[in-house]
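Participant: What follows is each chain in one-letter form.
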Amino acid sequence: MNLLSLLIFLPLFGAALVLFLPASQTKYFKWITLGFCAVELLAAAVVYHYFDLSNPSFQFVEQTDWITLSLGSLGAVSIDYLLGIDGISLPLVLLTGVVMLVGAVSSWQITSRQRAYFSLYLLLTASIMGCFLALDFFLFFLFFEFMLLPMYFLIGLWGGPRREYAAIKFFLYTLLGSVLILVVMIALYLSAFDPYSSLNAQTIVHTFDLRYLADGHNYLPNSLLNGLSAHQIMGLDARLFLFLVLFAGFAIKLPVVPFHTWLPDAHVEAPTPVSVVLAGVLLKIGGYGFIRIAYNIFPDAAAEYATLLGILGMVSIVYGGFNALAQSDLKKMIAYSSVSHMGFVLLGVASLTPEGLNGAVYQMVSHGVLSAMLFVVTGVLYDRTQNRQIEAYRGLAKPMPAYTTLTAICFFASLGLPGFSGFVGELFTLMGGFQSEFMPKWIATASTLGIVLAAAYFLWTLQRMFFGPLWTQKGVESLLADLTPREKIMLLPLAALTLVLGLFPHFIFDITSATITEFLKKFSLN
Amino acid sequence: MEFIDRIFSTQSLFWFLSFLTILSALMVVTSKSPVYSVLYLILTFFCLSGHYIILNAQFLAFVNIIVYAGAIMVLFLFVIMFLNMKEDEAETSPTLIRTLATGTAIVLGVTLVLAFSTVKVAAFNPMAFDSQVGMVKNLGSVLFREYLLPFELASVLFLIAMVGAVMLGRREAGDRHF
Amino acid sequence: MLPIVLLSVFGIVVLFLGFSKSKNILLPATLLFLLVTLIANFVDWNHQYLYFNDMLWGNNASMVFSGIVLLSAFFVVALTRGFEQEGEAAQPAEYYGIMLFSLVGAIMMISYENLIILFVGVEILSVSIYILTGSDKRNLRSNEAALKYFLMGAFATGIMLFGMALMYGATGSFVISDISEIIGTRAWNEQSQLLYAGLLMLLVGLLFKVSAAPFHFWTPDVYDGAPTIFTAYMSTIVKTAGFAALYRLLAGSLASLQDYWFATLATITVLTLLAGNVTAVYQTSFKRMLAYSSISHAGYLLIALTSLTAKSQSSILFYSLAYSLSTVSAFGVLILVSQQQASNNYDAFNGLAKKNPFLAFVLAVSMLSLAGIPLTAGFMGKLFVFTDAAQKGTIWLLVVAILASAIGIYYYFRVLIAAYFKEGDLATIRIAPFYKVVLIIVTTLTIVLGLFPDLVLQLV
Amino acid sequence: MFSEATAAIPDVIQQVKIQHYIFLATALFVIGIVGVLTRRNAIVIFMSVELMLNSVNLLLITFSAYRSDPAGQVFVFFIMAVAAAEVAVGLAIIVMIYRNTRTIDVGFLNKLKF
Amino acid sequence: MYSDFGQILLFIIVAIAIIGAILIANKIIRPNLPNEEKLTTYESGEDPVGNANVQFNARFYVVALVFVLFEVELLFLFPWATVFGRPELIAQTNGRWGWFALGEMLIFVGILSLGLAYAWVKGYLDWIRPEPKKPDYALKIPKDLYQKINQKYSTHR
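For the protein sequence lines, the chains are S, G, W, C and A, in the order given. Each residue of the first sequence is one higher than the one before, starting from 110 at the first, in our numbering. Each residue of the second sequence is one higher than the one before, starting from 416 at the first, in our numbering. Each residue of the third sequence is one higher than the one before, starting from 5 at the first, in our numbering. Each residue of the fourth sequence is one higher than the one before, starting from 448 at the first, in our numbering. Each residue of the fifth sequence is one higher than the one before, starting from 620 at the first, in our numbering.
Treat the hints as calculated values from the structure; they're not laboratory data. Take the hints with a grain of salt, since some may be wrong.
Claimed, not checked - Straight line, CA to CA, 20 Å or less: simulated DMTMM-like cross-link-like pairs of lysine to aspartate or glutamate: (1) G/K447 / C/D516; (2) C/K464 / W/E194; (3) G/K552 / A/E662; (4) W/K358 / S/E500; (5) W/K396 / W/D263; (6) S/K583 / S/E500; (7) A/K741 / W/D263; (8) S/K631 / S/E500; (9) W/K359 / W/D263; (10) G/K535 / W/E194; (11) G/K552 / C/D516; (12) C/K464 / G/D545; (13) W/K426 / S/E500; (14) G/K552 / A/D763.
As the list claims (entries may be wrong) - Stretch-level coverage of chain C by chain W, calculated; a stretch enters the list once three of its residues show a Cβ under 8 Å from a Cβ in chain W: (15) 458 to 464; (16) 491 to 498; (17) 516 to 526; (18) 534 to 547.
Ideal placement from N, C-alpha and C gives every residue a C-beta, glycine not left out.
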């Protein structure tokens with residue numbers, strides 16, 4: 110079996126194992142999950158080891174025919190099981206490996222319905238991996254939408270008091286996103302074709318292969334999405350319109366500001382490991398979708414709307430920052446900080462410059478590590494006192510010195526202190542914004558406000574919660590034990606990772622740059 | 416004589432029968448008592464049989480009398496009699512709904528009539544015309560040669576109807592009423 | 005042809021088996037008969053047949069349609085458990101016999117060539133279902149459902165027949181291929197009003213049967229009132245057969261008039277989608293919700309029908325298979341739960357997952373499939389149907405359909421929320437092994453078809 | 448007047464336009480629909496349906512006679528036969544309901560809400 | 620265009636006219652002196668009791684139903700009878716037609732008779748007899764007393 114298939118099927122196998130083991134083995138479920146996540150990370154590392162950094166195209170490509178639909182006189186539609194990896198997806202695959210492992214450790218405190226929990230968790234891992242590896246749009250969509258189900262149940266079954274509401278809200282929002290993506294997929298379906306298979310089969314073979322979709326020559330003349338045909342939908346050029354639809358679909362996932370309201374609810378109600386996965390990996394699929402799907406298929410529209418997208422990114426950054434400042438719930442504050450940080454990703458992608466795109470991928474990885482850490486930190490406190498209100502604590506530094514140190518590290522890293530990964534990501538995306546020929550400079554300028562805001566809310570929170578004399582609202586000082594070894598195991602590597610990435614950003618840039626340079630050639634033509 | 420000829424033509428018979436058909440059909444729908452409705456319905460069927468006869472479909476005219484007026488209507492009357500329905504108790508359908516329904520149906524009718532008034536049905540070919548089409552001999556050979564399959568399958572329908580009707584219509588042990 | 009003969013004979017055999025002392029033989033016998041018929045159904049594979057002076061017509065697609073109907077019937081019959089729980093009043097031999105007979109009607113509706121076969125088929129199927137609906141004689145709701153269904157069905161038949169008569173007036177034939185030929189030559193121009201009015205009424209009559217809006221108002225009451233097992237039966241079989249009949253009519257003889265009927269049918273499609281989905285949201289009873297959901301699925305099937313592309317047939321085929329499978333398993337779970345709780349409401353499912361994880365899982369897969377979530381057959385079905393609309397280029401229809409399916413998620417998930425997230429006192433439900441096997445097969449099929457739709461599509 | 452060719456043709460076809468028959472059938476059909484929609488007594492509704500079926504029969508026989516094509520008349524034959532079966536079942540349902548409720552007014556049957 | 624059907628119309632009209640005329644003449648000529656006795660419904664001299672619409676017994680229904688279905692079956696026999704023995708058809712098919720037609724009808728009638736047999740065996744056609752209650756009050760007279768008396772008088776005859 111190919112390495113990439115292994116990445117997808119390994120957790121599936123784990124899920125099946127958990128599902129079918131007898132109930133007497135329940136105590137081993139978490140170990141099995143942990144083991145599979147570790148092997149998963151190892152496999153991702155092996156992929157990295159064999160990955161050719163100088164090769165900008167897809168590697169480890171794996172293709173099997175899956176569904177063939179005959180359309181009569183209109184040819185056929187071929188949907189393939191098609192996997193591949195390049196410089197954009199590899200960092201995210203590695204990130205997934207890391208975050209899922211951390212999430213598995215963090216799942217230790219789950220005590221109810223373990224069989225269901227761990228099988229869903231592994232299922233989620235498989236579908237996330239599938240999303241990053243799929244090269245067939247249809248396959249991507251399947252993984253993308255299937256991901257919602259385990260997530261829905263993970264939030265709905267193990268979440269907080271308002272979990273039902275949060276779960277269905279999460280589900281409906283993201284489903285709306287995937288429905289929008291589905292619309293584009295259906296529109297694509299009769300437009301694009303696979304030139305090689307069509308030649309062999311003597312008939313038109315329509316395809317969802319993203320490699321072919323990227324090439325404007327593979328659209329049938331006068332079809333809906335051919336760049337030269339002047340089809341219009343609601344007064345807009347069809348390509349522009351469908352780009353916006355696709356963008357909206359991924360923007361919900363990212364989330365970009367007008368579509369973000371599900372995120373705080375989902376985060377507040379989700380259990381810690383699910384929050385970790387949600388912020389650490391799931392949001393990245395939105396950003397990945399922009400690059401891999403939306404920009405790949407509609408480069409012309411992406412250039413056209415760069416300003417709009419840049420502004421949306423800027424709004425996300427600033428609006429998320431202000432909202433984070435206003436929150437009293439620590440977890441909600443972090444959720445809004447995620448909105449703000451993911452805004453940088455959008456800004457970087459929209460800039461269409463090497464700096465911006467590299468920065469965006471880097472920012473995704475960095476935010477994945479940092480948000481995982483932030484949610485673990487929150488979870489630590491919540492586990493002890495069942496209370497996440499910022500005002501409920503003062504002077505935590507005294508009873509919990511190690512906890513305070515690690516929290517401070519991740520807060521500083523998140524607010525973009527040089528030396529940590531957050532700084533590099535924000536710097537590069539902003540640089541991209543400044544250098545972009547596609548959008549005005551004031552967008553990037555305004556976005557810098559986000560950094561200031563991040564500094565404000567993180568430092569203010571740090572100051573309020575950790576310094577000064579010890580005090581808690583409900584007199585729960587006795588519960589405030591310092592970090593357990595398990596928590597340290599989660600937090601220390603993440604802290605090390607953010608430091609390493611911050612000091613040696615070329616680990617990521619080495620992987621991404623070749624692919625992104627190639628990717629951007631499309632835009633330089635315009 | 417010419418005048419009398421015109422009065423006692425088939426055309427006049429058509430008008431006479433049509434008038435009677437429509438009138439009795441209206442009475443079916445408007446009668447207060449279901450018993451009267453059934454009787455008017457039987458009258459309607461007789462009128463229709465008259466139409467069938469002048470259309471040279473003698474066999475069907477006779478079948479119509481036997482099946483509809485004879486069997487089906489007897490069954491109806493039967494049910495009405497042993498359900499012991501006197502004057503239709505409470506015809507409580509709201510007036511508004513009745514008016515609306517009638518209005519809609521009449522609009523439908525007028526639309527159809529207007530649409531059909533311009534229809535030109537292809538003139539019959541006098542040379543190929545076979546006036547014996549409606550005779551039992553002719554229908555029999557069509558029925559038993561070309562329409563063999565639906566004929567046999569109709570028996571399945573009868574079987575279902577028999578089993579089902581007997582099953583549903585039978586009084587169960589312990590039923591309160593008759 | 006063979007399945008029709010076999011089903012008639014088997015129906016009679018089952019009817020008379022009811023006189024034997026051992027009632028336990030009925031269920032296995034019926035299942036065996038259905039299985040034999042299912043196999044016999046495919047004897048003409050890869051032949052296009054025309055039987056009895058242009059009465060029956062069939063090809064692979066119609067055989068697969070019949071196969072779907074027979075398969076759904078098989079599953080539903082398997083879920084009846086011999087009607088042992090219905091008590092003394094139940095008459096299993098009659099029920100099974102009538103079910104087998106009704107399939108004769110369904111197959112006639114699928115493979116008719118002469119409109120008379122369509123008519124007799126519709127009647128056989130409808131009359132059987134009137135009887136089955138009213139089979140719970142002492143239950144007033146069942147009685148009322150039967151009466152309502154009967155009156156509405158007879159009314160619809162009247163309209164359908166008027167349509168057939170007008171079409172006969174316009175074209176002079178009842179044979180599908182002849183009608184198509186006459187329409188092709190445009191020799192009917194002078195009688196176009198007759199043809200148009202006839203076509204419209206014929207469609208209305210058939211749309212009544214598949215409960216498309218605005219002719220759907222009887223559906224919720226009838227589905228709700230009928231005994232649950234027969235609700236499952238009619239919501240799968242009548243729908244599949246009805247759509248096969250509609251497809252045969254539209255594709256077989258009226259394809260060249262698409263410009264004419266497209267607008268009408270598209271409007272009906274939109275109405276059906278909206279009526280079904282929006283009303284389903286307000287239901288508190290799961291059974292009633294399934295009734296409305298069946299209306300909304302009629303809407304999705306209508307999309308494929310309205311578009312009438314080369315692929316429509318396989319879309320309808322796949323969709324009805326996916327729909328039938330999920331509906332069967334949903335009703336299968338409902339029967340067990342409502343027996344325990346004496347209620348069909350959503351609340352009855354509270355806490356199902358805790359003590360009955362298997363049933364909850366079956367329910368989840370079926371709801372996901374009905375909602376059209378990927379990796380289930382329902383998703384593929386929806387995708388095919390949507391692509392039909394895209395192929396025809398009716399974007400607005402597509403938009404409505406997608407909105408409708410988004411609404412669908414809400415009400416399908418309500419029962420999942422009840423089953424998984426709510427606390428309830430549902431005890432462990434004992435499931436007969438055979439019942440369990442059926443549910444497993446149906447659920448597996450739903451997932452397998454979601455992964456490999458080719459398995460069915462390549463048949464056509 | 449009685450030419451050789453038209454001798455076999457029934458008078459009605461020569462004297463009455465086919466439209467008149469179509470109108471008559473349509474009128475009966477509409478009367479039937481009105482009955483179904485306005486009456487509440489199940490038996491009367493059912494009778495109105497029978498009226499509709501008869502209008503169909505008339506229409507089919509008309510077309511059949513004017514076209515001199517037996518297919519229409521055979522169809523009518525089937526409609527009559529099938530109607531009988533339907534009536535048997537329908538009346539059985541009505542009897543069953545009357546046993547349980549002592550009424551067959553469809554309006555009284557509102558256990559199930561519309 | 621006086622025709623055969625015109626004659627029928629004439630016949631109908633004349634019939635209606637004559638009946639109407641007779642009834643009207645009757646009305647004019649007859650003396651009209653009503654009293655209560657005369658106005659009651661005529662029931663062979665008995666006093667009428669209750670409504671004229673007497674409720675039938677539902678046990679008739681099943682029989683009526685089966686009758687209707689068989690009557691329709693009968694209808695199919697009429698056209699069959701005309702084709703069954705038609706010589707030209709028999710000649711066309713080397714005599715097979717007769718057997719074929721017979722087979723057709725046998726299947727049809729057979730299926731229907733199976734339905735009848737079903738209803739019969741099931742007991743649906745059985746008359747539901749009213750079961751008169753046997754009086755169970757205690758008699759003071761010993762039972763054999765009657766027997767003795769009966770015997771006594773029977774031997775005398």
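Participant: Hint by hint, say whether it matches the structure.
Facilitator: Verification of the supplied hints:
no.: 1; hint: G/K447 / C/D516; result: 41 Å, violated
no.: 2; hint: C/K464 / W/E194; result: 15 Å, holds
no.: 3; hint: G/K552 / A/E662; result: 48 Å, violated
no.: 4; hint: W/K358 / S/E500; result: 38 Å, violated
no.: 5; hint: W/K396 / W/D263; result: 12 Å, holds
no.: 6; hint: S/K583 / S/E500; result: 11 Å, holds
no.: 7; hint: A/K741 / W/D263; result: 55 Å, violated
no.: 8; hint: S/K631 / S/E500; result: 51 Å, violated
no.: 9; hint: W/K359 / W/D263; result: 55 Å, violated
no.: 10; hint: G/K535 / W/E194; result: 5 Å, holds
no.: 11; hint: G/K552 / C/D516; result: 14 Å, holds
no.: 12; hint: C/K464 / G/D545; result: 18 Å, holds
no.: 13; hint: W/K426 / S/E500; result: 33 Å, violated
no.: 14; hint: G/K552 / A/D763; result: 73 Å, violated
no.: 15; hint: 458 to 464; result: violated (count 0)
no.: 16; hint: 491 to 498; result: holds (count 3)
no.: 17; hint: 516 to 526; result: holds (count 7)
no.: 18; hint: 534 to 547; result: holds (count 7)
When held up to the earlier numbered hints, the structure conflicts with 1, 3, 4, 7, 8, 9, 13, 14 and 15 and fits the remainder.
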